[in-house]
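Chain by chain, the residues:
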Amino acid sequence: GAGVSQSPRYKVAKRGQDVALRCDPISGHVSLFWYQQALGQGPEFLTYFQNEAQLDKSGLPSDRFFAERPEGSVSTLKIQRTQQEDSAVYLCASSSLAGGPENEQFFGPGTRLTVL
Amino acid sequence: KQEVTQIPAALSVPEGENLVLNCSFTDSAIYNLQWFRQDPGKGLTSLLLIQSSQREQTSGRLNASLDKSSGRSTLYIAASQPGDSATYLCAVTGYSTLTFGKGTMLLVSP
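Line by line, the protein sequences give chains A and B. First residue of the first sequence? That's 1 in my numbering, and the numbers climb one at a time after it. First residue of the second sequence? That's 1 in my numbering, and the numbers climb one at a time after it.
Next comes chain B alone, as it looks inside the complex (with noise of 0.2 Å):
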């Protein structure tokens, strides 16, 4: 049974600090990864998918890597700003679902 697991559960930075959140899996056999971001009381954005043939993938001040052989990824946020204040999650695809990690709390303070 796939198993998502992100490190660290809660991170808090001052604005402008570049920041990595992790997530492992333990089964390599996975269609692509995706992080998401919650806020509060909402549902879940998209921020990068990145099929399982891909390395990484940008948007903005966002990189997003994958080693599909380890069973590793990172999120990268550059030029942390208050508005990222959030829970990060990692989800994998596998045969029939996504299967998600417990998230990363991050509060960026100003």
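The following block holds chain A by itself, in its conformation from the complex (with noise of 0.2 Å):
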């Protein structure tokens, strides 16, 4: 596509829902990053993968959070037994080359989830 496409653009879950964001990124791109934005603060960094290999998964956090990417494509960020202070907008990105987070990154327009 001509961009990084994510779906749903908003989520709305009751506390304790497992919820599962998807981001289709830039055709032929190489590497894929995943980022948390809470209200009013930057997106921070939860994952990294290059082709389906999840090279950096150290901003995940906790273990209710799972990313995958099985076909080096399209990427899953699941959510577990969502809480409260999960409420954010969940940034994809995607950049063409292998070399990791040096390359630009572009983003797609985002996943507002709100945990009520």
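Treat the hints as calculated values from the structure; they're not laboratory data. Possibly wrong hints are sitting among the right ones.
Unchecked claim - Dumping the calculated DSS-like pairs for lysine-lysine here, alpha-carbon to alpha-carbon at most 25 Å: (1) A:K57 x A:K11; (2) A:K78 x A:K14; (3) B:K1 x B:K68; (4) B:K68 x A:K11; (5) A:K57 x B:K1; (6) B:K102 x B:K68; (7) A:K78 x B:K42; (8) A:K78 x A:K11; (9) B:K102 x B:K42; (10) A:K14 x B:K42; (11) B:K42 x A:K11; (12) B:K102 x A:K57; (13) A:K78 x A:K57; (14) B:K1 x B:K102.
Unchecked claim - Label pairs and their calculated CB-CB ranges: (15) B:P14 x A:D18: 44 to 54 Å; (16) B:G83 x A:A38: 20 to 30 Å; (17) A:R9 x B:P14: 46 to 56 Å.
Computed from a prediction, not measured in an experiment: that's the story for all the values here. Heads up, the beta-carbon is just placed ideally off N, CA and C, and yes, glycines get one too.
The two chains are supplied separately, each in an independent frame; assemble them into the complex guided by the hints.
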């Protein structure tokens, strides 16, 4: 596609529910990143894939957060047993080169998650 | 741990003014620095990317400078327009990831 797309754009979950957020990177992009942006804050790194390999997951806040990219294209960020503090915008970005975060990243519109 | 600070947190100016947004970072071991624009409810749009070996980048009315040794960058916007109203985020690329500041919320009034 022309850009990074994310779905759903908005998600409301009751506390304790599991959610799955999808990211479709720019076609052919090797690297994919997930960020969490709380209200009034800058985005914070969650995890990074190069093709299907998850090379860095140091930013995942707890073991309730899990990300995968099984075929090296679409990625899913799953949050189990959601808590109110998980409410944020979840941004996905992709870059064309395999070198890692130093290459320019292109961002999707984000998924706004609200946990009630 | 890298920390990125942006000053001011918010800025309101009349149309036509030139303005400067500031960004500072604590660890000078960076690959590059990027300035992004974020509109309400939208994702991030990359404005300028400065490699660590460069001193500045220009795009239209925007000019970004980088002083890596002092850990500072500025984004200069010339002849501001109401359409420039948005949040501007600075981010540095370190060993494994982008580290963002909290942003400067800019409002340009007609």
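The hints, checked one at a time:
For a cut-off of 25 Å, the pair hint linking K57 of chain A to K11 of chain A stands: about 23 Å separates their Cα positions. For a cut-off of 25 Å, the pair hint linking K78 of chain A to K14 of chain A stands: about 15 Å separates their Cα positions. About 16 Å separates the Cα atoms of K1 of chain B and K68 of chain B, which keeps this hinted pair within 25 Å; it holds. Proximity of K68 of chain B to K11 of chain A is assessed by CA-CA distance (about 40 Å); at most 25 Å being required, the pair is judged violated.
For the hint linking K57 of chain A to K1 of chain B, the alpha-carbon distance of about 16 Å falls within 25 Å, and the restraint holds. Of the pairs offered as hints, the one joining K102 of chain B and K68 of chain B holds, with about 20 Å between alpha carbons and a cut-off of 25 Å not exceeded. Restraint check for K78 of chain A and K42 of chain B: satisfied, since their Cα atoms lie roughly 21 Å apart, inside the 25 Å limit. Between the alpha carbons of K78 of chain A and K11 of chain A the distance comes to roughly 13 Å, so the proposed pair stays at or under 25 Å and holds.
Annotation: proposed proximity of K102 of chain B to K42 of chain B holds, straight-line Cα distance about 16 Å (limit 25 Å). Distance hint between K14 of chain A and K42 of chain B is fulfilled; the C-alpha atoms sit about 24 Å from each other, no more than 25 Å. Restraint check: the Cα-Cα separation between K42 of chain B and K11 of chain A comes to about 15 Å, which is no more than 25 Å; the hinted pair holds. Note on K102 of chain B and K57 of chain A: the hinted pairing holds, with a Cα-Cα distance of about 22 Å set against a maximum of 25 Å.
Of the pairs offered as hints, the one joining K78 of chain A and K57 of chain A holds, with about 13 Å between alpha carbons and a cut-off of 25 Å not exceeded. Restraint check for K1 of chain B and K102 of chain B: satisfied, since their Cα atoms lie roughly 16 Å apart, inside the 25 Å limit. At about 49 Å, the CB distance of P14 of chain B to D18 of chain A agrees with the hint of 44 to 54 Å. The supplied range of 20 to 30 Å is met by G83 of chain B and A38 of chain A, whose beta-carbon atoms lie about 27 Å from each other.
Range check, R9 of chain A to P14 of chain B: Cβ separation about 34 Å, and the 46 to 56 Å hint is violated.
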